[in-house]
Amino acid sequence: MNEKNVIICRCEDVTLRDVIDAIRSGITDMESLKRKLQFGTGPCQGKTCVPLVEKILARELGKKVGESGKITSRPPESPVPFGIFESSGEEK
Amino acid sequence: MKSKDVVIIGAGITGLSVAYYLSRNGVRNIAVIDKSFPGSGSTGRCGTGIRQQFTTREHIVLMRESVKLWREWETSLPLSVHFRQGGYLWLLETEKEVSDFEKYVKLQNLFGVESRIIDKYEAKQIVPDLDIENIAGASWCPTDGNAYPFDTVEALKLALKNYGTKINAFEEVVGIETRGGAVKSVITNKETYSTNLVIDAAGFGARKIAKMAGIDLPLKLYRHQIAVSEPVKVFLEPMIVKGELYFTQTYRGRIIGGTDLNEPETESLQSTERFLEKYATELLSVMPVLSSLNVMRQWAGFYVVSPDHHPILGGTPVSGFLVATGFSGHGFMLGPVIGKLMAMYVLHGIMYLPEANNLGLDRFKKGKLIEEKAVIG
Chain W
1 MNEKNVIICR CEDVTLRDVI DAIRSGITDM ESLKRKLQFG TGPCQGKTCV
51 PLVEKILARE LGKKVGESGK ITSRPPESPV PFGIFESSGE EK
Chain C
93 MKSKDVVIIG AGITGLSVAY YLSRNGVRNI AVIDKSFPGS GSTGRCGTGI
143 RQQFTTREHI VLMRESVKLW REWETSLPLS VHFRQGGYLW LLETEKEVSD
193 FEKYVKLQNL FGVESRIIDK YEAKQIVPDL DIENIAGASW CPTDGNAYPF
243 DTVEALKLAL KNYGTKINAF EEVVGIETRG GAVKSVITNK ETYSTNLVID
293 AAGFGARKIA KMAGIDLPLK LYRHQIAVSE PVKVFLEPMI VKGELYFTQT
343 YRGRIIGGTD LNEPETESLQ STERFLEKYA TELLSVMPVL SSLNVMRQWA
393 GFYVVSPDHH PILGGTPVSG FLVATGFSGH GFMLGPVIGK LMAMYVLHGI
443 MYLPEANNLG LDRFKKGKLI EEKAVIG
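Line by line, the protein sequences are chains W and C.
Using my numbering, the letters of the first sequence correspond one by one to residues 1 to 92.
Using my numbering, the letters of the second sequence correspond one by one to residues 93 to 469.
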């Protein structure tokens with residue numbers, strides 16, 4: 001298996017190789033890893049990639065999943081058009 | 093017990109920038125301590141903007157110098173910070189606002205910032221998607237811009253790593269020892285550092301840290317919120333400001349921006365739907381074309397606000413305890429110049445920009461406050 005061909009985050013195009021390289025460069029917590037690689041910041045809100053990265057990080061560090069911190073999930077739960085939130089003039 | 097030449101508390105842009113300029117000038121026995129990960133506070137939560145359109149000499153000169161340094165960082169740091177001079181287009185609704193901003197522009201020009209007042213048609217030329225119906229004019233500065241906070245933290249982290257300066261993440265300061273009115277040591281949950289010099293760059297934790305040294309910093313925390321959209325092809329380089337609203341597009345294609353809910357002081361970082369409603373309404377009134385764009389994420393951060401909305405820089409009544417905080421929503425944009433100012437202050441004992449001498453903690457006691465009128469978002 002070529003780690004460069006395994007996509008971990010589809011929104012931001014992050015590969016397994018990218019994740020392993022970042023961990024081996026010395027990043028050992030989920031939040032810093034996210035900021036370095038920017039996985040989980042795309043339209044899927046990290047629903048696919050975050051559990052995968054948690055497992056890879058745990059495996060690389062020889063720890064349990066969740067021991068290296070959790071990523072804060074941000075609203076909205078899925079993307080929503082700006083127009084939905086616009087309040088009309090009368091309501092003001 | 094470890095002995096350190098300088099202990100910097102806080103690994104946001106301020107602390108990292110001070111550490112960078114100290115390292116660059118040969119000071120290497122530094123500890124940079126953060127209770128969480130680098131950039132975890134206001135730096136990583138900020139709106140990316142970098143502007144020189146301010147209303148006081150102190151802010152204008154400091155930001156003019158900071159923009160120069162941002163340009164330097166873009167080429168000299170080991171990774172790109174994605175600094176882009178797309179300009180700040182400040183939309184003005186009334187003739188009264190235009191005449192107020194004419195005065196600010198004069199002051200900005202006097203101190204070397206190339207802002208100018210333009211009419212609404214020129215604003216529309218700069219950003220064709222603007223709705224200019226209710227606009228009286230705009231204040232435009234083409235050399236303002238933005239940079240990417242995560243990338244800036246990564247670039248500074250790598251620069252420090254190359255110098256051999258270590259960042260101690262997830263280490264919390266629990267005490268500061270003083271003797272005879274001077275700093276002696278910093279105690280964390282992991283280590284005790286003996287040192288004569290401490291720099292409090294702890295952002296929203298700066299007040300708590302200063303208290304450990306017996307100093308009361310007049311700072312208040314206000315929650316401000318931001319939202320980003322899904323990524324679309326980059327079409328908007330300037331930062332648009334109108335009233336409390338500001339927004340731009342990052343190099344990664346997201347529309348990023350915020351507005352002010354004028355909330356009272358709080359310690360909560362919860363994001364709210366009320367914010368999204370106000371932001372979307374203001375955003376779409378300026379740029380209706382964004383109506384079908386999806387909002388993807390929202391979050392909150394703190395403005396660490398001083399009584400006159402200006403930074404608190406330099407020495408305190410405790411010898412060797414220095415502060416760099418109170419940026420009132422401008423800490424990210426000021427990051428480079430604050431790092432250089434504080435590092436030069438440590439090395440040479442003077443502020444290399446005379447305007448920074450007006451920003452000491454003692455100004456509140458002396459009643460020499462500087463009022464900034466242009467705080468947004």
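Calculated directly from the structure, the hints in this document are not laboratory data.
Honestly, I wouldn't trust all of these hints.
Stated by the list, open to error - Each computed SDA-like pair below joins lysine to any residue, with the alpha-carbon atoms no more than 20 Å apart:
1) W/Lys70 - C/Lys325
2) W/Lys64 - C/Lys96
3) W/Lys70 - C/Lys212
4) C/Lys188 - C/Lys212
5) C/Lys325 - W/Lys64
6) C/Lys258 - W/Lys64
7) C/Lys325 - C/Gly178
8) C/Lys94 - C/Lys325
9) C/Lys96 - C/Lys325
10) W/Lys70 - C/Glu263
Hint check:
The hinted pair formed by W/Lys70 and C/Lys325 fails the criterion: a straight-line CA distance of about 31 Å is larger than 20 Å. With a C-alpha separation of about 35 Å, the suggested pairing of W/Lys64 with C/Lys96 is violated against the 20 Å cut-off. Of the supplied pair hints, the one linking W/Lys70 and C/Lys212 is violated, its CA atoms being roughly 47 Å apart against a limit of 20 Å. Note on C/Lys188 and C/Lys212: the hinted pairing holds, with a Cα-Cα distance of about 15 Å set against a maximum of 20 Å.
Note on C/Lys325 and W/Lys64: the hinted pairing is violated, with a Cα-Cα distance of about 40 Å set against a maximum of 20 Å. For the proposed pair C/Lys258 and W/Lys64, the alpha carbon gap of about 27 Å is over 20 Å, so the pair is violated. The straight-line distance between the Cα atoms of C/Lys325 and C/Gly178 is roughly 16 Å, inside the 20 Å bound, and the hint therefore holds. At most 20 Å may separate the alpha-carbon atoms for a hinted pair to count; C/Lys94 and C/Lys325 exceed this at roughly 51 Å.
The straight-line distance between the Cα atoms of C/Lys96 and C/Lys325 is roughly 48 Å, outside the 20 Å bound, and the hint therefore fails. Among the hinted pairs, W/Lys70 with C/Glu263 is consistent with the structure: their alpha-carbon atoms are about 17 Å apart, no more than 20 Å.
Violated hints, listed in ascending order, are 1, 2, 3, 5, 6, 8, 9; each of the other numbered hints is respected by the structure.
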